[in-house]
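Number of protein chains: 2
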Amino acid sequence: MVDDEFTIIDQYFSAIGWRSDLVALGPGDDCAVLKVPEGFELCVSTDTLVSGVHFPTDCDGGMVARRAFAAAVSDLAAMGASPYSFTGALTMPGIDHTWLFPFSSELSRLSVEFEIPLVGGNLSRGELALTFTVMGLVPPGQALRRSGASVGDDVYVTGHPGDAGAGLLLLAQAGGEFPALIDAYQSPQPRVKIGQQLRKIASAVIDVSDGLLADLKHLTDSSGVGAKVDVNKMPLSEEMLLFTSPGKALSLALAAGDDYELCFTANHSCRDQVEELVLSAGVAITRVGSIVDTPGIALFGEGVDALDLEHNGYQHF
Amino acid sequence: MVDDEFTIIDQYFSAIGWRSDLVALGPGDDCAVLKVPEGFELCVSTDTLVSGVHFPTDCDGGMVARRAFAAAVSDLAAMGASPYSFTGALTMPGIDHTWLFPFSSELSRLSVEFEIPLVGGNLSRGELALTFTVMGLVPPGQALRRSGASVGDDVYVTGHPGDAGAGLLLLAQAGGEFPALIDAYQSPQPRVKIGQQLRKIASAVIDVSDGLLADLKHLTDSSGVGAKVDVNKMPLSEEMLLFTSPGKALSLALAAGDDYELCFTANHSCRDQVEELVLSAGVAITRVGSIVDTPGIALFGEGVDALDLEHNGYQHF
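As given, the protein sequences belong to chains C and B, one line each in that order. Using our numbering, you'd call the opening residue of the first sequence number 2 and step up by one each time. Using our numbering, you'd call the opening residue of the second sequence number 2 and step up by one each time.
Keep in mind the hints are simulated off the structure, nothing from the lab. Heads up, a few of these hints could be off.
Unchecked claim - No farther apart than 27 Å at their CA atoms in a straight line, the calculated lysine-lysine pairs in the DSS-like style are these: (1) B:K218 - C:K194; (2) C:K36 - B:K234; (3) B:K229 - B:K249; (4) C:K201 - B:K201; (5) B:K218 - B:K249; (6) C:K234 - C:K249; (7) B:K249 - C:K36; (8) C:K201 - C:K229; (9) C:K234 - C:K201; (10) B:K234 - B:K249; (11) B:K229 - C:K36; (12) C:K218 - C:K234; (13) B:K249 - B:K201; (14) C:K229 - C:K218; (15) B:K229 - B:K36.
Stated by the list, open to error - Facing chain C, according to a computed beta carbon distance under 10 Å, are these residues of chain B, among others: (16) D11; (17) Q12; (18) A16; (19) A33; (20) C44.
In this text the structure is predicted, and so the values were computed from the model without any measurement. All residues carry an ideal CB built from backbone N, CA and C; glycine is no exception.
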């Protein structure tokens, strides 16, 4: 049997994951056809991960699926949208069944977990790279933008940013002692449910893909404001503090990417609601600063002068 | 100024093309947000073109934009959908302004011509490749599928398939004598308006990307039928017949890809409607065969035994 595009798609991708009643016609025709429930707006985002740039060249297919899925679905979380559908375009140098099997298995598992059907795809020969386009639904006018932050708003971050960056360092050193850190890099959790809850709380939201400071700066630039961040408030995980020095841990938390946590702002009158969200979501949400008039991100707190923040967020080029 | 992702996006992509009232929030946030007009279904398709695989490595950016756009929007045409929005994910080895300028200019022109806004994108470092995800709107239940062909239906094709394949041969030979053939390869025309008209005529539609025989076989396989094609009915352009022998011309028309014409089936009671469509669209639409019980594609007509159809449609792997 020839390993042509159609055979591979049939073998690995036809049976993937979540079955949605909204899919009138699934993959296999020129387009998929989706029903659109009334009373929603459509959120759309596209993301590419390239081997050797966004993940190590020796990554197994399952890990690539998890990271690419998280990067894509995290953008829906950051808008407060509920997952609707996604497409995947995969280029690979040749058919590698040991890579494709865990890739499609993990993608199928995630599709079910997040209730988002795969409605189309493309398979081409080329350098290993993956582009996901995700679609989500949100009530009209309620999408959470980056541009809504106001002076005086609190700045929050979910989870423990920096853990994924530490995990990447550990993988490069072939270290296996800190499974939670490696897991943060290999299996980031898009904060979809928290994002939807934030529609009634947050004034602005962004997901942390390039590093907290870099992404918070995108948020404040979009909002025409700045932020000050108390570095001593930054949430550092227990494993992170066992892994490295407090200074290095803080640098990772502020500047390393790949966590796909949410950074958001909210009026200080919403502090009780954020507390309730922490309890219902079972995820840490930490107030780390506030929005100010002055553009840019100002850091303060003990040890701030010793921080190594040269790589202030990931530059794609 | 650093040529980082954001600078390049701002320079080349922020001002692209068509402005639609349906775009509530354009590119630049975590997702774009689109209004969804009531009473439509959403068609979605994703396509990747890789340098050296789907187009020659020395293609200028304008040609890559045109071919990738046609490949993507042609899938909307094949569903009878009207263009709604699209996203683009570009990977390139480094910033090449002489490539990016014509690429973004042509993309902007096409976006306006087809009234389809660019609502999101991604720019990454990697081998030159481009993934477009297109979205279209179609009245509920009216999307044109591949699976609707019935025994006895006529088989039609738009335009002059094979011209693009001839153009690719000419480009490889650096020949410049047949501008219409080269143009068919460099600037294929997605048949969007014809596709929408076919909603009231066609029983099944596919766009011809892999070659007429290969794509007609996808259509008949999906429909659980076969087709017979009278090779003497195949439309061959004047330039094609000047360029090569009748036999070679016919082989290209049957088996070469890249034209993005539409191949469709229709009940024979629709022949007058197809004639009217030819007049209103100003594009050749030729009846080349009919749908039969026996699976597969049977060719008949004078000269059929001498045809070189070894490369019966493009195999991606």
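Evaluation of the provided hints:
1. B:K218 - C:K194: Status violated; Cα separation ~44 Å.
2. C:K36 - B:K234: Judged against 27 Å, a Cα distance of about 39 Å means the pair is violated.
3. B:K229 - B:K249: Holds, at about 20 Å.
4. C:K201 - B:K201: Violated: K201 of chain C and K201 of chain B sit about 45 Å apart, past 27 Å.
5. B:K218 - B:K249: holds, 21 Å
6. C:K234 - C:K249: Holds, at about 15 Å.
7. B:K249 - C:K36: With Cα atoms ~45 Å apart, K249 of chain B and K36 of chain C exceed 27 Å; violated.
8. C:K201 - C:K229: holds, 24 Å
9. C:K234 - C:K201: holds, 24 Å
10. B:K234 - B:K249: holds, 15 Å
11. B:K229 - C:K36: violated, 35 Å
12. C:K218 - C:K234: With Cα atoms ~18 Å apart, K218 of chain C and K234 of chain C stay inside 27 Å; holds.
13. B:K249 - B:K201: violated, 35 Å
14. C:K229 - C:K218: holds, 11 Å
15. B:K229 - B:K36: violated, 44 Å
16. D11: violated, 12 Å
17. Q12: violated, 12 Å
18. A16: Violated, about 18 Å.
19. A33: This interface hint holds because 5 Å falls under the 10 Å limit.
20. C44: holds, 4 Å
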